[in-house]
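Chemist: For reference, the chains in residue letters:
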Amino acid sequence: EADIYQTPRYLVIGTGKKITLECSQTMGHDKMYWYQQDPGMELHLIHYSYGVNSTEKGDLSSESTVSRIRTEHFPLTLESARPSHTSQYLCASSSYHEQYFGPGTRLTVT
Amino acid sequence: KQEVTQIPAALSVPEGENLVLNCSFTDSAIYNLQWFRQDPGKGLTSLLLIQSSQREQTSGRLNASLDKSSGRSTLYIAASQPGDSATYLCAVRDDYKLSFGAGTTVTVRA
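Heads up: the sequence lines are chains A and B, in that order.
Residues in the first sequence are numbered consecutively from 278, following our numbering.
Residues in the second sequence are numbered consecutively from 14, following our numbering.
One should not assume that every hint holds.
Unchecked claim - Here are the simulated PhoX-like cross-link-like pairs (lysine-lysine), alpha carbons at most 25 angstroms apart as the crow flies:
no.: 1; chain 1: B; residue 1: LYS110; chain 2: B; residue 2: LYS81
no.: 2; chain 1: A; residue 1: LYS308; chain 2: B; residue 2: LYS110
no.: 3; chain 1: A; residue 1: LYS295; chain 2: A; residue 2: LYS334
no.: 4; chain 1: B; residue 1: LYS14; chain 2: B; residue 2: LYS110
no.: 5; chain 1: B; residue 1: LYS110; chain 2: A; residue 2: LYS334
no.: 6; chain 1: B; residue 1: LYS110; chain 2: B; residue 2: LYS55
no.: 7; chain 1: A; residue 1: LYS294; chain 2: A; residue 2: LYS334
no.: 8; chain 1: B; residue 1: LYS14; chain 2: B; residue 2: LYS81
no.: 9; chain 1: A; residue 1: LYS308; chain 2: B; residue 2: LYS55
no.: 10; chain 1: A; residue 1: LYS308; chain 2: B; residue 2: LYS14
no.: 11; chain 1: B; residue 1: LYS81; chain 2: A; residue 2: LYS334
no.: 12; chain 1: A; residue 1: LYS308; chain 2: A; residue 2: LYS334
no.: 13; chain 1: A; residue 1: LYS334; chain 2: B; residue 2: LYS55
Claimed, not checked - To spell it out: a stretch of chain B is covered by chain A in this simulated footprint if at least three of its residues, at any positions, have a beta carbon under 8 angstroms from a beta carbon of chain A; those stretches are:
no.: 14; region: 48–58
no.: 15; region: 108–119
To be clear, the hints were calculated from the coordinates, so they are not data collected in a lab.
Ideal Cβ placement from N, Cα and C applies to all residues, glycine included.
Given the sequences, and given the hints that come with them, work out the whole structure.
Modeler: Right under this line is the structure:
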């Protein structure tokens, strides 16, 4: 079944740790995106990719980095987590017309 | 920069009443507009996609209209049910990126 997956779904981690949020899609989409959403607030695009070896920063400045080595995989990394990184992170991929979202990762940095 | 506004921010109605959710955007040069549903702490589920050349789309009890020249879209939900309680997000596509509104949080009272 074609879908988009994110792991972990929930993560509580201490300040200073390095973390990687995983995102994979089985729909063969070239375009993938990462959004950040604080509770009750709107989504902000932080990274996107239009294909393998292509990554761009989004509208909202973020200390995270991304990589796109395989079409189906678009991981997001925080080298040193801080409490200000506490948020929900949503991954998406798109066909020519429509975007599809994963279930999200809720990150809490203590 | 595209600005997307959703009014009202919150709405509470008794079961059975029709819902009208509004979305406006500042730049009418869009490729399409998507309406999403988001349940608390979850990802986004695509409800309807309207191409820029279309005036409306329907799916079951949902109907969305688009007036690109005036920068407006409306989502109608007929005969609301408690299961319709969620946050509804409007997003417009420029190039391959989406700009989101802050959403309308709907509560349907049984």
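Chemist: So, for every hint listed, does it hold in this structure?
Modeler: Now for the hints, and whether the structure bears them out:
no. : hint                : in the structure
1   : B/LYS110 - B/LYS81  : holds (18 angstroms)
2   : A/LYS308 - B/LYS110 : holds (10 angstroms)
3   : A/LYS295 - A/LYS334 : holds (20 angstroms)
4   : B/LYS14 - B/LYS110  : holds (12 angstroms)
5   : B/LYS110 - A/LYS334 : holds (12 angstroms)
6   : B/LYS110 - B/LYS55  : holds (21 angstroms)
7   : A/LYS294 - A/LYS334 : holds (22 angstroms)
8   : B/LYS14 - B/LYS81   : holds (16 angstroms)
9   : A/LYS308 - B/LYS55  : holds (21 angstroms)
10  : A/LYS308 - B/LYS14  : holds (21 angstroms)
11  : B/LYS81 - A/LYS334  : violated (28 angstroms)
12  : A/LYS308 - A/LYS334 : holds (14 angstroms)
13  : A/LYS334 - B/LYS55  : holds (24 angstroms)
14  : 48–58               : holds (count 6)
15  : 108–119             : holds (count 7)
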